[in-house]
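K.L.:
Counting from 1, position 431 in the sequence shown corresponds to residue 431 in the UniProt record's numbering; the numbering is continuous, with no gaps.
Please note: incorrect hints may appear among the correct ones.
Each pair of labels, with its calculated beta carbon distance range [what the hints assert, rightly or not]: (1) 290 x 165: 17 to 27 Å; (2) 574 x 283: 24 to 34 Å; (3) 501 x 72: 54 to 64 Å; (4) 326 x 134: 45 to 55 Å.
FYI, nobody ran anything at the bench for these hints, they're computed from the structure.
Ideal placement from N, C-alpha and C gives every residue a C-beta, glycine not left out.
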Amino acid sequence: MAESLSIGNELKDAYKPTDKWVKAGLTWLTDLDWFYKERAAIEREYATKLKTLSAEAFKKKAKVSTAVSVGENPVVTPGSLESASLVAWTEILGQTENIAKERDAFASSLERRVASQISEMASRYDGIRQRWKGVNEDLVKARDSYYDEVTKAKKDYDASCQAMESQRSKTERSENDRSKHKSEKREFEMNAAKNAYLIKINVANRLKDKYFYQDLPEVLDGLQTLNEAKVAKLNSIWLTASALERSTNEKLIKMNDAMDEVIRQNVPTLDTSMFIKHNMTDWSEPADFYYIPSSIWHDDETIITSPAELEVLKKQLSKSSQTYSNMQHACEEEKNTLGELIQARNKAFGNSITEVKLRTKEEMFKYDDLMVKSLVAMSKFSLDDSKRVVAEVEVETIQSAAEGKDLTLTQPIETKKRGVFGGLFKGKHRNETSAPVEQYDDEVHSLTSSMSRVTTSTGKGSRLFGALRGRAESVMTTSSAASASTGSGKALYAYQAGGEDEVSLIAGEALEVIDLDDGSGWTKVRSAAGEGLVPTSYLSIVPAASTNGGKKQGPKVAPRKGAKRVQYMEILYDYEPQGDDELGVGVGDKVLVVTEDDGSGWTEGEIEGIRGVFPTSYGKIV
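Starting from the given sequences, assemble the full structure and let the hints guide the process.
P.N.:
As structure tokens, then:
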């Protein structure tokens, strides 16, 4: 059975090339439609024109070979290689050149049962592709609209800072109660604008992650499903044409068998595999949004939780909690519906993605119908799930900022009353007191965290109906000092202490290791000069059995205390060094990343005190 492949898992931010690839495959169907219609006419004129047609088809195939196989602008050119579908098509054309005589009935059958089916499939599947395009545009529009809200919130924040500064200047000139009251009001407005700005930043970041790690991969997998269905259905049509030829002339059985043999090797996933292989790129995730302080009012990214500002946050928390509760329930139902549709779709299609066989028109129609229904369900779920994420992040952000403060809403929420005709009741208001926020604690308790930038399962780490993937989030941990020794070591290089908690080293002196490196790049040791922290890279830790020397060139700069936890890579393949500056690694080795790949394809790493470079593709970040 062929390996399960997913464009959404393998290619990052690849909607445009994938859409062009699928479109090229569907456009290519017009060539096939043209071919079979022309062949039917030529069959009546016998063998000469049939051979001419096949030659023309070969030329057309050559023109679209790259686009159909690997897309219009592949990262790696395929050379003379062609996709499995094109290989099958080449075999068909070659066998067609050997056919010299056909009857009118066979020509009529070709027009009715082959050409028209290809034309219908091309039109229908291009419509489905357009709908996927619409889904992606809706997702991008929803995401970008919130990006615009970040910009708007920043402008509002800057304006409130400007107003605060102006009022402060007035207050300094006239220190009376009225000026003081206005100053306090301006400060409240500024803080509220700041809170709104920070919340928008977190939401925009989450929606960005959701789009690139959840929504877009599903769209790409949808396009992949469409293309593979096209290939499978095309296989069925080809087999139909082959069967017609076989029944027309028994003498052509061997030729038709040759066609079938190649077509049956055209597993739909083979085209996908080739497309992915020739379009792999070093994709970099777009940078996160972050808080930009006003150039006028200097401030940090802390959400203001003073009593007045907290009341505003309580109201938003109440609304967001209710929205989250509603959307969570709706999304759960929609996800179940979508899962059932996908399961039914896969069941209806059987093994046609992994093995080639003749499918009836009814079977293909049923699958096409389920494919469209799952598309609609996925679109609705993704949009509703985005609303859930917005509410979820708002709840997380406010709860995290509250730091244990009472979030029970005590003031009524003023809402506009709306009737069936909307604007007829514009201007009328009613007061309704929201239920205490505590009633939502059970629903959103798992969302509460003490991080400065919240991350949840709706971000980069999950796919609903595809393979899980994600990026690791590094978290700083500080280990407490211990008086007991955890080992011994030797100073490889001299080091001058740069702080009260550090200790100087003399090259070659023996040391007692108190606390091992926790990932910060520092180790606590006891030497003749006393106890303190030293850069781990300046040491050779001596195990009970033996020691490894390492290279004799000290690092240019000592690591920063408080830095993020260093990264490690797990080695996937053995690699023998080809030069003095390279590092030999074996399968399963865990290598400390010293310098990340700068685009050259090489990563500098360290293992057992020895540093060197090795191919980035030979490992993965853990």
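K.L.:
A separate judgement is required for each hint: does it hold in the structure or not?
P.N.:
Do the hints match the structure? See the list:
1. 290 x 165: 17 to 27 Å: 23 Å, holds
2. 574 x 283: 24 to 34 Å: 27 Å, holds
3. 501 x 72: 54 to 64 Å: 59 Å, holds
4. 326 x 134: 45 to 55 Å: 26 Å, violated
Checked against the numbered hints given earlier, this structure breaks only hint 4.
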